[in-house]
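A.B. asks: Protein chains in written order, with the working numbering: chain A, 1 to 386; chain B, 1001 to 1173.
Keep in mind that the hints were calculated from the coordinates and are not lab data.
Since this is a predicted model, take the numbers as computed values, not measurements.
Treat the hints with care, since some could be wrong.
As the list claims (entries may be wrong) - Label pairs and their computed distance ranges (CB to CB):
| no. | chain 1 | residue 1 | chain 2 | residue 2 | range |
| --- | --- | --- | --- | --- | --- |
| 1 | B | 1141 | A | 191 | 38 to 44 Å |
| 2 | B | 1112 | A | 385 | 43 to 49 Å |
| 3 | A | 191 | B | 1143 | 39 to 45 Å |
| 4 | A | 304 | B | 1142 | 49 to 55 Å |
| 5 | B | 1142 | A | 386 | 57 to 63 Å |
| 6 | B | 1143 | A | 237 | 27 to 33 Å |
| 7 | B | 1114 | A | 379 | 28 to 34 Å |
| 8 | A | 113 | B | 1009 | 32 to 38 Å |
| 9 | B | 1154 | A | 379 | 41 to 47 Å |
| 10 | B | 1142 | A | 238 | 25 to 31 Å |
By construction, the Cβ of each residue, glycine as well, lies at the ideal position given by its N, Cα and C atoms.
Each chain is listed here by its residues.
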Amino acid sequence: MNPNALRADLADLAEQVAIVDLRDRALTTSRRLAVRRATLAAVALIVAVAGVAVVLRPLSRDIAPSRPVPTHLPATTESTTVPTIIQRPVATDPLANATLDLPAWGGTSDCGPGLATFRNGTHLFPNGGPQALLVKAVPVTVAGQPAEAVALMCLVGNHHSYQVAVFRTDSGSAVGQVVADAAVVFELSSPGPDQVAVELGDRYDDAVPFSDVEKASQHQVRTYLWNGHGFAQSGGPTAFASDPPSMHLEETTTALVFQHGAAGVGRMTVTVRNSGRLAAPRVSLRMYVAALLEPTGSAWAGCTIAHGGQPTQTQPGLVPTDTIVCDLGSLAPGERREIGYEFVMDPVTSSIPDGALCTVMALQRPPYGLETGLSDDPVSAAIVIH
Amino acid sequence: VESTNSYDAFVRARTPALLRAAYLLTGDQHLAEDLVQAALARTHRAWRRLEREENAEAYTRKVMYHLQVAWWRRPRVIESLAGSVPERAGRSEPDLSDRAALRETLRQALLKLTRAQRAVLVLRFFEDRSENETAQALGVSIGTVKSQTARALARLRRAAPELTDLYLEGNAR
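Throw the hints in and build the complete structure from the sequences for me.
C.D. replies: Here it is in structure tokens:
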């Protein structure tokens, strides 16, 4: 095969495509993705990006059941600490505007060795080289001397890696390496003198932008102790499991069916299943429901509703939507939960606006466990009127 | 606003190149548009943390190639295999008919490859990526890139024997 001839013909064939402007289509899809991501944080982000003063009314109220049927487990008391990936440069730390003497990382990082001068937590290596971000710095005392444990994120194209090292606060010289290569760093701390603790994750799939790495990654806290010569691991696991058990939440729903003459009450059945090998704690069902649908009936006991503002201002074609969250408690491996929900539409109308959907998504509340097979696609219940 | 402007500039600057690669991956104008649109949308979601345009370019391409593989696994997406290339203005001169026929032959032959094979060929021979870069873009090993390339070329030879003559090593074009 003559590769040059193949190259030329591929280039010739590629020229046949008509060039079109995809900017508006891409932005529309981006907004849909944000809605599908189905988190209040994502919705808030859309509002912020759009720069539109959307009035969110975070007024939560309990949905009063028409009769007390405790079909749900009570909501569990949760930690509000959610591990998140540290990936933004810190600008205020003293070392974020200093020259650090980066050590060699054993060939696992393109950032170093050598001097790197950071400005606002960022150092650009010359000639279009990698970008080093100082994403976290915490004080640590090493052999009685002040130092800082620093998490660096090294970006090269679409590849990145994390390194953790300790530098002297006064000179920026390296005291010792802690972690030479990590896919994700969630947290960095110093639990005591001569100690550094790092919360690590085992995966970060850049090709799946909407994967919740916080959920899909294994989390491990490893501690390291200064031994007079360097840092050596003193606690926590030393490796990630190659095939860890995980939870996998799946949701399905029937159509939301209304009958004319049935007092405007519609019904649908939502099924949530944990198809993983790990019990799923703190499972909640999040529903985005057109505001013209009012929850009713006993199945909503313990659920909360938040009126979601006026998304029509930023998302043309969507109608105002309420967010309803129902806690389902824990789902054992293989456990399947089926819940019937009722809504009132007053009046029952066949002229439902476009985009008036009831979408359902099963989620784990934080703190997250190891959930795989993440789906950002909530299922939608078609609204049917007979 | 600055972020939006930089994203707009990125989209308008890079869409032509992305569309050309997507056309080779899909063999269809509309599927190519859908593929690039989906990749650009995900890039928009990640725009704040991409920081630099070269990161955005690499990110968008990686998403595009991975989406192509992911779409292959989704049964509801039906690939358009039989359509013909739409006539383009200025491309119908008689002296170009042989070239047009060659293009169509190559397009049809590419569509007989698996998506993974097509992706490897496009990355290696259209994007001029090294085996290592191709492996990174697709998230596979270099060995897989080598084997997929060999299989893709062999399949191309079987699918379009007439192209084999043209692509024989040393054959003047």
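A.B. asks: Now tell me if each hint is right for this structure.
C.D. replies: We went through each hint and held it up to the structure:
no., hint, verdict
1, 1141/B <-> 191/A: 38 to 44 Å, "holds, 39 Å"
2, 1112/B <-> 385/A: 43 to 49 Å, "holds, 47 Å"
3, 191/A <-> 1143/B: 39 to 45 Å, "holds, 43 Å"
4, 304/A <-> 1142/B: 49 to 55 Å, "holds, 52 Å"
5, 1142/B <-> 386/A: 57 to 63 Å, "holds, 59 Å"
6, 1143/B <-> 237/A: 27 to 33 Å, "holds, 30 Å"
7, 1114/B <-> 379/A: 28 to 34 Å, "holds, 30 Å"
8, 113/A <-> 1009/B: 32 to 38 Å, "holds, 36 Å"
9, 1154/B <-> 379/A: 41 to 47 Å, "holds, 43 Å"
10, 1142/B <-> 238/A: 25 to 31 Å, "holds, 28 Å"
Checked against the numbered hints given earlier, the structure satisfies every one of them.
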